[in-house]
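There are 4 protein chains.
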Amino acid sequence: MEKRIEAIWNGDRLIQDFGMKLEEAREGYARVSVSVQERFLNAHDIGHGVLVFAVADAAFAISVNTKVDAVGAQYNMNVIRASKPGETITAESKVVHAGRQSIVVELTVTGEDGRLIAKGQATALPLPMKR
Amino acid sequence: MEKRIEAIWNGDRLIQDFGMKLEEAREGYARVSVSVQERFLNAHDIGHGVLVFAVADAAFAISVNTKVDAVGAQYNMNVIRASKPGETITAESKVVHAGRQSIVVELTVTGEDGRLIAKGQATALPLPMKR
Amino acid sequence: MEKRIEAIWNGDRLIQDFGMKLEEAREGYARVSVSVQERFLNAHDIGHGVLVFAVADAAFAISVNTKVDAVGAQYNMNVIRASKPGETITAESKVVHAGRQSIVVELTVTGEDGRLIAKGQATALPLPMKR
Amino acid sequence: MEKRIEAIWNGDRLIQDFGMKLEEAREGYARVSVSVQERFLNAHDIGHGVLVFAVADAAFAISVNTKVDAVGAQYNMNVIRASKPGETITAESKVVHAGRQSIVVELTVTGEDGRLIAKGQATALPLPMKR
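Protein chains in written order, with our numbering: chain R, 1 to 131; chain S, 1 to 131; chain A, 1 to 131; chain L, 1 to 131.
Same shape as in the complex, but just chain R:
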């Protein structure tokens, strides 16, 4: 794992606390998984929307930072199906545009059986270069 990616991943307290796993990271792409633990359930006893967002956001951050230092600026997500207690959910982020002023990714979150849990898109802004 590249040094910069390692620093982002290990230095992220929330990613560590949630027990996420970086499954794959390469130029413009990342895959991250997490288990739907009891503490991530909502009042309907299903996986929380925040957990679905969190795993997608982690994949987003890694996929973008394989290309350039950048921060998330805009997120759009459709949550389509419930995630189940105990299952492992996986997010993929794919960079579809890496411009000088913005980076755009496509996000997909799936369940253990491959069913679509969420689909989204997000925009990152490159960090201004240090001079």
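Hints listed in this document are in silico derivations from the structure and should not be mistaken for laboratory results. Careful: at least some of the hints might be erroneous.
Cross-link-like lysine-lysine pairs, in silico, DSS-like; alpha carbons within 27 Å at most [claimed, not checked]:
{"hint": "1", "chain 1": "L", "residue 1": "Lys94", "chain 2": "S", "residue 2": "Lys94"}
{"hint": "2", "chain 1": "L", "residue 1": "Lys84", "chain 2": "L", "residue 2": "Lys67"}
{"hint": "3", "chain 1": "L", "residue 1": "Lys3", "chain 2": "A", "residue 2": "Lys84"}
{"hint": "4", "chain 1": "S", "residue 1": "Lys84", "chain 2": "R", "residue 2": "Lys3"}
{"hint": "5", "chain 1": "R", "residue 1": "Lys94", "chain 2": "A", "residue 2": "Lys94"}
{"hint": "6", "chain 1": "R", "residue 1": "Lys84", "chain 2": "S", "residue 2": "Lys3"}
{"hint": "7", "chain 1": "S", "residue 1": "Lys3", "chain 2": "S", "residue 2": "Lys94"}
{"hint": "8", "chain 1": "A", "residue 1": "Lys3", "chain 2": "L", "residue 2": "Lys84"}
{"hint": "9", "chain 1": "A", "residue 1": "Lys3", "chain 2": "A", "residue 2": "Lys21"}
{"hint": "10", "chain 1": "A", "residue 1": "Lys94", "chain 2": "A", "residue 2": "Lys67"}
Partner residues aside, some chain S positions facing chain L, computed with beta carbon under 8 Å [stated by the list, open to error]:
{"hint": "11", "residue": "Asn76"}
{"hint": "12", "residue": "Asn78"}
{"hint": "13", "residue": "Val96"}
{"hint": "14", "residue": "His97"}
{"hint": "15", "residue": "Glu106"}
{"hint": "16", "residue": "Leu116"}
{"hint": "17", "residue": "Lys119"}
{"hint": "18", "residue": "Thr123"}
Quick list of simulated restraints, FRET-style, between CB atoms [unchecked claim]:
{"hint": "19", "chain 1": "L", "residue 1": "Thr88", "chain 2": "A", "residue 2": "Gly99", "range": "33 to 39 Å"}
{"hint": "20", "chain 1": "L", "residue 1": "Arg115", "chain 2": "R", "residue 2": "Asp45", "range": "37 to 43 Å"}
{"hint": "21", "chain 1": "S", "residue 1": "Glu2", "chain 2": "A", "residue 2": "Arg26", "range": "33 to 39 Å"}
A virtual CB, placed ideally from N, CA and C, is assigned to each residue, including glycine.
Take the given structure of chain R and dock chains S, A and L to it, following the hints.
Only chains S, A and L this time, still in chain R's reference frame:
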């Protein structure tokens, strides 16, 4: 606090684990706050985007459920400024449309000093009535 | 072309006025093209964002209505590159979720040379059944 | 009207073709109206979603360009109610964030009777300075 709101709030393991505080809940409106604890920091040592999303999502859920049983289906959010370690951030959700097929809310997250941290919009779908 | 699709396409005054072409329509999928005419240019002499949205929206409407009577309720789109005067741009819409309460599509708009012009996602709500 | 705003408005062929009217433009704010003409109706005989998007986009462009040269990069919109043949609809755009790397606006489209037709949010990127 209305029984149904209380059940949603107390039964939500993630809301409880994050230490959120329900500041206000009335017909079509909710305000929720949370403290940017150390465990919510990212590798840049600022409040995590997931925390900003989480507090907005909690306000969203409560504001919608003051009207009708519903689940979040779509989220859009612009994250505008960083939240700082130790500060309390507050999310407001205001229902701008409550139709039979969808509910739309406007979301605002602000810092302790009132600066705008994030602005968003979300869509909920009413739960099918039990027969 | 199925009767219902034909009625939606031919009865849509804006689609007709813009000179759009329905390239393909099948279960859960549609492809629509349009030419970047002079009347669709903005002050920077490039294709208008509204034209990009319009061709994506037409593909969205057709792809959804191959499945069920529905109306567009929410749109998200990243506009990535400019469309050029005189070129033909093409939008694809693919249904990624067709539920009882909502339909979600993925939208892609490309230029004549295949470059990505816009990427989006949209949500439709089924029309209440007539009783 | 400021020179730069005038150039953007008058040079925009689609705005002119649609017969839009610039009702107000000041620092970080714009209001634009348009009439739901016959050519803007869809197959259900209501105002087209594209028209609603177009009037919001025009207000967006003007509100942002009162501050800085910029182009629209991302749009999110919930379409809530139908616009009616013959009525005048009005879009407001309010800049909620004007940063060095991005500008964020809040969009509202209302009918003649003041009812909410659409609510959205959009992101613009400043044009790189000419050197």
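Handout entry: Cut-off 8 Å, beta-carbon criterion: hint that S:Asn78 touches chain L
Key = Hint on S:Asn78: holds, closest Cβ of chain L at ~5 Å, below 8 Å.
Problem - Hint check: 8 Å Cβ-Cβ cutoff, S:Asn76 to chain L - result: The hint holds - S:Asn76 has a Cβ within 8 Å of chain L, the shortest such distance being about 4 Å.
Practice task
Could you grab the alpha-carbon distance between S:Lys3 and S:Lys94 and see if it respects the 27 Å cut-off?
Solution key: Satisfied, since the Cα-Cα distance of roughly 20 Å is no more than 27 Å.
Problem - Holds or violated: R:Lys84 to S:Lys3, with C-alpha atoms at most 27 Å apart - result: holds, 26 Å
Handout entry: Range hint 37 to 43 Å (beta carbons of L:Arg115 and R:Asp45) holds or violated
Key = Hint holds: Cβ distance 38 Å, inside 37 to 43 Å.
Exercise for the section: State, for the Cβ atoms of S:Glu2 and A:Arg26, whether the hinted interval 33 to 39 Å holds or is violated. Expected result: The hint (33 to 39 Å, Cβ to Cβ) is violated, given that S:Glu2 and A:Arg26 are roughly 48 Å apart.
Practice task
Mind checking the alpha carbons of S:Lys84 and R:Lys3 for me, to see if they're no more than 27 Å apart?
Solution key: It holds: about 26 Å lies between the C-alpha atoms, which stays within 27 Å.
Practice task
Take the C-alpha atoms of A:Lys3 and A:Lys21, compute the straight-line distance between them, and say whether it is at most 27 Å.
Solution key: Since the Cα atoms of A:Lys3 and A:Lys21 sit roughly 17 Å apart, the hinted pair holds (cutoff 27 Å).
Handout entry: Closest C-beta approach of S:Leu116 to chain L relative to 8 Å, hint status
Key = Holds - the Cβ of S:Leu116 comes within 8 Å of chain L, reaching about 6 Å at its closest.
Handout entry: Outcome of range test on Cβ distance (L:Thr88, A:Gly99; 33 to 39 Å)
Key = holds, 36 Å
Exercise for the section: Have a go at the S:Glu106 hint: is there a Cβ in chain L nearer than 8 Å to its own Cβ? Expected result: Hint holds; S:Glu106 Cβ to chain L Cβ min 7 Å, cut 8 Å.
Handout entry: Status of the hint placing S:His97 at chain L (closest C-beta pair under 8 Å)
Key = holds, 5 Å
Of the numbered hints stated above, those contradicted by the structure are hints 2 and 21, listed in ascending order.
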